[in-house]
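Asker: Please put together the full structure from these sequences, using the hints given.
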Amino acid sequence: MVYEKLIEKLKAKGWSNKDIVETIRILNAPPENKKQSIVSLDSTVYWFALILMIIGSIVLSIIMIPSLLALNAFALYFIIIIVAYAFGTMFSILISEIETMQGRRIIAQLFIPALALVNMYYITRVTNIFATAMNIKNPHNPIIMSGIYAFFFIAPYFINEIARKIRIIKIE
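Start counting the sequence shown at 0; every next residue gets the next number (numbering that gives the first Met the number 0).
In short, the hints are calculated from the structure, not lab data. A hint or two may mislead.
With a Cα cut of at most 30 Å, we get these calculated BS3-like pairs of lysine-lysine [said to hold, decoys possible]:
id	residue 1	residue 2
1	K164	K4
2	K164	K8
3	K17	K136
4	K10	K164
5	K17	K4
6	K12	K164
Answerer: In structure tokens form, the structure reads like this:
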């Protein structure tokens, strides 16, 4: 927990749970004393990183076409789970940083997983077309592939949200 030691120290000093929760809320609030140019630059950098993640996800999907053609289901699912979870973790960190900086939720938390789902679906369909044209007998179900990818892509975000809520409940 990020503020576990701080919470223990404040409780030891006799702070009420209400005051501790308010302190943590203030610490998590976006800084209002930054110059507008710095806030604007921060926002631009994070949004640029988000766009790069979208492009990276699409490029990675295209790069995975040979794996989709060559690997059997078990090995392929294993690789997809690892890749999706890694990208999902980066996405989760980036989204939480943007939300902390801006102090509000953003629509990207819905848009990017949906894009990943659709992207993996179409890449799997295209790969199956290539496999048929090349006479390779290794078709994959695009719905299952995209579902597995999307599930493990958004899993880190939900794990982070659940952990955050547990921390808040634990403090109160």
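Asker: Now, for every hint given, state plainly whether the structure supports it.
Answerer: Evaluated hints:
1. K164 x K4: Given that 30 Å is the threshold and the Cα spacing comes to 18 Å, the pair holds.
2. K164 x K8: Holds, because 21 Å separates the two Cα atoms, which is no more than 30 Å.
3. K17 x K136: Violated, because 63 Å separates the two Cα atoms, which is more than 30 Å.
4. K10 x K164: 20 Å, holds
5. K17 x K4: Measuring from Cα to Cα gives roughly 17 Å; hence the hint holds.
6. K12 x K164: Roughly 25 Å between the alpha carbons, so the hint for K12 and K164 holds.
Comparing the model with each earlier hint shows a violation of hint 3 alone; every other hint is respected.
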